[in-house]
Amino acid sequence: MYDQHIIYPGSVRNTDDGAGWQFGARLPYYRGQILSAVEDIAITVDGEKIAREQVRFTVRGRTFTLDELETEYVERWEFGEVAQVSVLRPGGLPAGEHQVTAAVQLRISYLPWSPVTSCTTGATIAPAHA
Amino acid sequence: MTTPHDIKRGVSLYSYQYETFLRRMTLDDCIAHAASLGARGIEVVSEQSFTGFPDVPQAQIDGWFDSLERHGAYAQCHDMFLDVKLYKDRKLNFEEMVTSLKRDLRFAKRLGCRNVRVIVNTPPEVVVACVPLAEELDVRMGIEVHSPFHFDHPWILRYTELTRATGSDHVGYVPDMGMYTKNYPPVFRDRFLRLGATPKIVEYILEAHAARVLADYVLMDVRKLGGNAVDLQMAETLRHNIWSNPRRMLEFMPWIFNIHAKFYEIDDSGREPAIPYEEIIPVLIEGGYQGHLSSEYEGQRHIEDAFEVDGREQVRRQQDMFKRLLGEA
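Residue numbers (full-length UniProt numbering), protein chains in the order written: chain A, 1 to 130; chain B, 1 to 329.
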């Protein structure tokens, strides 16, 4: 559900501080979730899988590692809300065309399995200003 | 001549979830649309329509009431969830589950809802433990009887035994009409074909559904036929799209508080091709059902990959169908 809407259109960009790159992400589910239910956000760029440790999740000003999300029982990812998902990678992505995939795995209490929902989008990174 | 009845029309705002998700409809837009169709009983998936649950800021609650009043609608049902898997390494214990359901009863009261849809994975003992609070608040708890469950399923039988023993009139059922999937939904079939299902195997699955073959057997057959991953995924859907007889509701009618009028599409002829409302609604009239028919459009997730979703048009069509079958039109 909402597969094609996980990565917010036009949101893939390098971070201002040069520490990596990021995109806006929406929860692929029909209700808001407590963050502990987010089991994984697997990211692939141009076929290369990003290590889980390199991913950060930011919502309403608070930033978490994916491991930290697992024990966050108060803060939520609301329905339709755009959170920021960042990848730590000095210098970010090189200018040009890239293919980005984000696969979100959620632990849904009434389902015996944890569904994975995946979104792939093309993104253009603008050359850095001189 | 139309048989007299006291069935009310409503909409679950779940129906407009796609537009809400994309911020094309606000909570007020959803209420306005439902009310414009004369479907004044509003059901809400609270964790979809409000933020900060369960500590929803009062301004949002005030906005909810303002909107209901402005459009001539009223709060009907709050849909709750029980996050039994909140912690990765253990399930919630009994006390935690009771605390969670009590929280939802109080939240329903705050929203002005007389009914709570209790999600089907809630253990019946938890519901029983909440009866005193439900009575005190005058908020009724209705377990969601949702496919693959049905009224004769052991889990629901156990719920019936334990809740009936309380003697309370604040415990009952919210049947989901998805358990009356008489024909395999065309929107499912078409999506699996788009995803790469094998046409011959799709035909086989449709025939098996029509013949009510046990889902486990169909899965084995599809494996033997060399079905691909999508074929197997389609066969899996037979587990969750059962047909049971709507007349079974007659025995439970005094305890049915609300109906989830699930639908996948209303086609151009004004009918739901999978769920036979022309068979279901007469049963509700015959049984003297007095609650709401709450539109629950669920087709969006089966067409969003290929088509523009229009929850408003789909709800409008279903409400027109209700008016026809209820003798209002």
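Bear in mind the hints are in silico, worked out from the structure with no lab data behind them. For clarity, every value in this text was computed on a predicted model and none was experimentally measured. Each hint should be verified, as a subset may be incorrect.
What the hints assert, rightly or not - Derived EDC-like pairs (lysine to aspartate or glutamate); straight-line CA-CA distance at most 20 angstroms: (1) B:K88 - A:E39; (2) B:K88 - A:D40; (3) B:K85 - B:E69; (4) B:K91 - A:E70; (5) B:K85 - B:D152; (6) B:K85 - A:E53; (7) B:K88 - A:E53; (8) B:K85 - A:E75; (9) B:K88 - A:E75; (10) B:K85 - A:E68; (11) B:K88 - A:E48.
To be verified - On the chain B side, residues computed to face chain A include the following (Cβ under 7 angstroms): (12) Q17; (13) I119; (14) L219.
Just so it is clear, CB atoms sit at the ideal spot from N, CA and C, and this is done for glycine as well.
Evaluation of the provided hints:
1. B:K88 - A:E39: holds (9 angstroms)
2. B:K88 - A:D40: holds (12 angstroms)
3. B:K85 - B:E69: It is violated: about 37 angstroms lies between the C-alpha atoms, which goes past 20 angstroms.
4. B:K91 - A:E70: holds (14 angstroms)
5. B:K85 - B:D152: violated (27 angstroms)
6. B:K85 - A:E53: Distance of about 24 angstroms is beyond 20 angstroms: violated.
7. B:K88 - A:E53: The hint holds at about 19 angstroms.
8. B:K85 - A:E75: Between B:K85 and A:E75 the Cα gap is close to 16 angstroms, so the pair holds against 20 angstroms.
9. B:K88 - A:E75: holds (16 angstroms)
10. B:K85 - A:E68: This hinted pair holds, its Cα atoms lying about 17 angstroms apart.
11. B:K88 - A:E48: Answer violated: B:K88 to A:E48 is near 28 angstroms, above 20 angstroms.
12. Q17: This interface hint holds because 5 angstroms falls under the 7 angstroms limit.
13. I119: holds (6 angstroms)
14. L219: violated (15 angstroms)
Hints 3, 5, 6, 11, 14, counting from the list given before, are not met by this structure.
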